[in-house]
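Q: Here's the letter readout for the chains.
Number of protein chains: 2
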Amino acid sequence: MDPKAFHTLSYGVYVVSSWDNGRPTGCTANCAAQITSSPATVMVSINKDNYTNKCIADCGHFSLSVLSENSDPSIIGTFGFRSGRDTDKFENVAWQVRDALPVLSDSCAYIVCRVIGTMDTPTHTVFLGEVTGAEKTSENTPMTYAYYHNVIKGKTAKNAPTYIAQETEAGKYICSVCGYEYSGNIPFEQLPDDWRCPVCGQPKSVFRKK
Amino acid sequence: MDPKAFHTLSYGVYVVSSWDNGRPTGCTANCAAQITSSPATVMVSINKDNYTNKCIADCGHFSLSVLSENSDPSIIGTFGFRSGRDTDKFENVAWQVRDALPVLSDSCAYIVCRVIGTMDTPTHTVFLGEVTGAEKTSENTPMTYAYYHNVIKGKTAKNAPTYIAQETEAGKYICSVCGYEYSGNIPFEQLPDDWRCPVCGQPKSVFRKK
Numbered sequence: 001m002d003p004k005a006f007h008t009l010s011y012g013v014y015v016v017s018s019w020d021n022g023r024p025t026g027c028t029a030n031c032a033a034q035i036t037s038s039p040a041t042v043m044v045s046i047n048k049d050n051y052t053n054k055c056i057a058d059c060g061h062f063s064l065s066v067l068s069e070n071s072d073p074s075i076i077g078t079f080g081f082r083s084g085r086d087t088d089k090f091e092n093v094a095w096q097v098r099d100a101l102p103v104l105s106d107s108c109a110y111i112v113c114r115v116i117g118t119m120d121t122p123t124h125t126v127f128l129g130e131v132t133g134a135e136k137t138s139e140n141t142p143m144t145y146a147y148y149h150n151v152i153k154g155k156t157a158k159n160a161p162t163y164i165a166q167e168t169e170a171g172k173y174i175c176s177v178c179g180y181e182y183s184g185n186i187p188f189e190q191l192p193d194d195w196r197c198p199v200c201g202q203p204k205s206v207f208r209k210k
Numbered sequence: 001m002d003p004k005a006f007h008t009l010s011y012g013v014y015v016v017s018s019w020d021n022g023r024p025t026g027c028t029a030n031c032a033a034q035i036t037s038s039p040a041t042v043m044v045s046i047n048k049d050n051y052t053n054k055c056i057a058d059c060g061h062f063s064l065s066v067l068s069e070n071s072d073p074s075i076i077g078t079f080g081f082r083s084g085r086d087t088d089k090f091e092n093v094a095w096q097v098r099d100a101l102p103v104l105s106d107s108c109a110y111i112v113c114r115v116i117g118t119m120d121t122p123t124h125t126v127f128l129g130e131v132t133g134a135e136k137t138s139e140n141t142p143m144t145y146a147y148y149h150n151v152i153k154g155k156t157a158k159n160a161p162t163y164i165a166q167e168t169e170a171g172k173y174i175c176s177v178c179g180y181e182y183s184g185n186i187p188f189e190q191l192p193d194d195w196r197c198p199v200c201g202q203p204k205s206v207f208r209k210k
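These protein sequences, in sequence, are chains V and C.
Sequential numbering from 1 applies to the first sequence in the UniProt record's numbering.
Sequential numbering from 1 applies to the second sequence in the UniProt record's numbering.
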């Protein structure tokens, strides 16, 4: 079995959100799909270790914010490489309540769902949601997972189904929080002290030389 | 609810296949995703009206052939706009048996699965499969659903979850089988008589003027 075969599957990049006792929480996800058109249903797959999984199960509703190529890539790090258990992920991002659920402003569409079914798997729960609200909010191109990897050079969180231990070129600087590999034209050492990881927003000090 | 929001979700283009009493059958699908990495599991969503749905349920196994941007687009029509009930869809395509399942040769990867779970929805069955074999067979770029729509100008089959009744520009020639809208430089009337729809392979005679 060649794990590279799994990399040929195509995905988008989303933030799946819910309420945690009145506080918004959420996580980055790449596995979301429309399942039926009438009634409109959408599925998301969320790792059981993600705090968002428990919140969706408790709340019975979730929202999907669709990131675009113009979305700030630090959203992916904020929602993908930290836990909502002990972090307010929504603290520094613009968000609003749409159809009673929190959605990110810096996205090109949102879909709000009521959970009507679940499928249990060894590590993830697949939530099936009946769509209660949806809107396309910009004409920006939706971000694909391939774009995130190939253009933003982002990495995969360990809780993601697509995670495979990855090799990095020796001598490169890697963000120890999100795995982002610096590949800019300015030598890493000469970046200003207030430079931050473009994916997860962590400071220069968390980067490690491979 | 704005159905355009659903168009911002990202997908690939796949042929999902199984055995029908020893005969290969399959259908085009855009909804496939890796759900867990260890053990590796993959899900596909198949309309209950598709003959392939019954065959997967009976056989207990399915394969996923991942189409690339270099794959012959007529595969999409052959597998997406005809029924395997009364057609041998594999008759005119190259295919082989890999890990005991039929897979298409003109693809960039295949994944073979044993069904370990299902989720019922109003119109589709979500099959969860444990991966028993997988191989990346070329370096070609996997075809995304956006590429199929924007570059190949393909349409959506009525059984697909993403189907929305579509508008077509007046005066254009449309394939009555698959909905492909001709947009070549040669006027449609001047195309040779043996010209065929590049998506589903049907002859010129099935085209209708909008």
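Possibly wrong hints are sitting among the right ones.
To be verified - Here are the simulated DSS-like cross-link-like pairs (lysine-lysine), alpha carbons at most 25 Å apart as the crow flies:
hint, chain 1, residue 1, chain 2, residue 2
1, V, 209, V, 172
2, C, 136, C, 209
3, V, 4, V, 172
4, V, 204, V, 153
5, V, 153, C, 136
6, V, 136, C, 210
7, C, 136, C, 4
8, C, 204, C, 172
9, V, 136, C, 4
10, V, 4, C, 136
11, V, 210, V, 4
12, C, 4, C, 204
Keep in mind the hints are simulated off the structure, nothing from the lab.
Q: Are the Cα atoms of residue 210 of chain V and residue 4 of chain V separated by 25 Å or less?
A: holds, 23 Å
Q: Is the hinted pair residue 136 of chain V and residue 210 of chain C satisfied, with a Cα-Cα distance of at most 25 Å?
A: With Cα atoms ~28 Å apart, residue 136 of chain V and residue 210 of chain C exceed 25 Å; violated.
Q: Is it true that the CA of residue 4 of chain C sits at most 25 Å from the CA of residue 204 of chain C?
A: Between residue 4 of chain C and residue 204 of chain C the Cα gap is close to 31 Å, so the pair fails against 25 Å, i.e. violated.
Q: Going straight from one Cα to the other, do residue 136 of chain V and residue 4 of chain C come out at no more than 25 Å?
A: Holds, because 6 Å separates the two Cα atoms, which is no more than 25 Å.
Q: Would the hint linking residue 136 of chain C and residue 209 of chain C be met if the CA-CA limit is 25 Å?
A: violated, 41 Å
Q: Is the straight-line distance between the alpha-carbon of residue 204 of chain C and that of residue 172 of chain C 25 Å or less?
A: Given that 25 Å is the threshold and the Cα spacing comes to 13 Å, the pair holds.
Q: Is the hinted pair residue 4 of chain V and residue 172 of chain V satisfied, with a Cα-Cα distance of at most 25 Å?
A: holds, 23 Å
Q: For the pair supplied as a hint, residue 153 of chain V and residue 136 of chain C, is the alpha-carbon distance within the 25 Å limit?
A: holds, 21 Å
Q: Can you confirm whether the C-alpha distance between residue 209 of chain V and residue 172 of chain V stays at or below 25 Å?
A: Holds. Residue 209 of chain V to residue 172 of chain V sits at ~6 Å (cutoff 25 Å).
Q: Is residue 4 of chain V close enough to residue 136 of chain C, meaning Cα to Cα at most 25 Å?
A: Holds, at roughly 6 Å.
Q: Checking one constraint from the list: CA of residue 136 of chain C to CA of residue 4 of chain C, max 25 Å. Satisfied?
A: Violated: residue 136 of chain C and residue 4 of chain C sit about 33 Å apart, past 25 Å.
Q: Taken at face value, is the distance from the CA of residue 153 of chain V to the CA of residue 204 of chain V at most 25 Å?
A: holds, 17 Å
Hints 2, 6, 7, 12, counting from the list given before, are not met by this structure.
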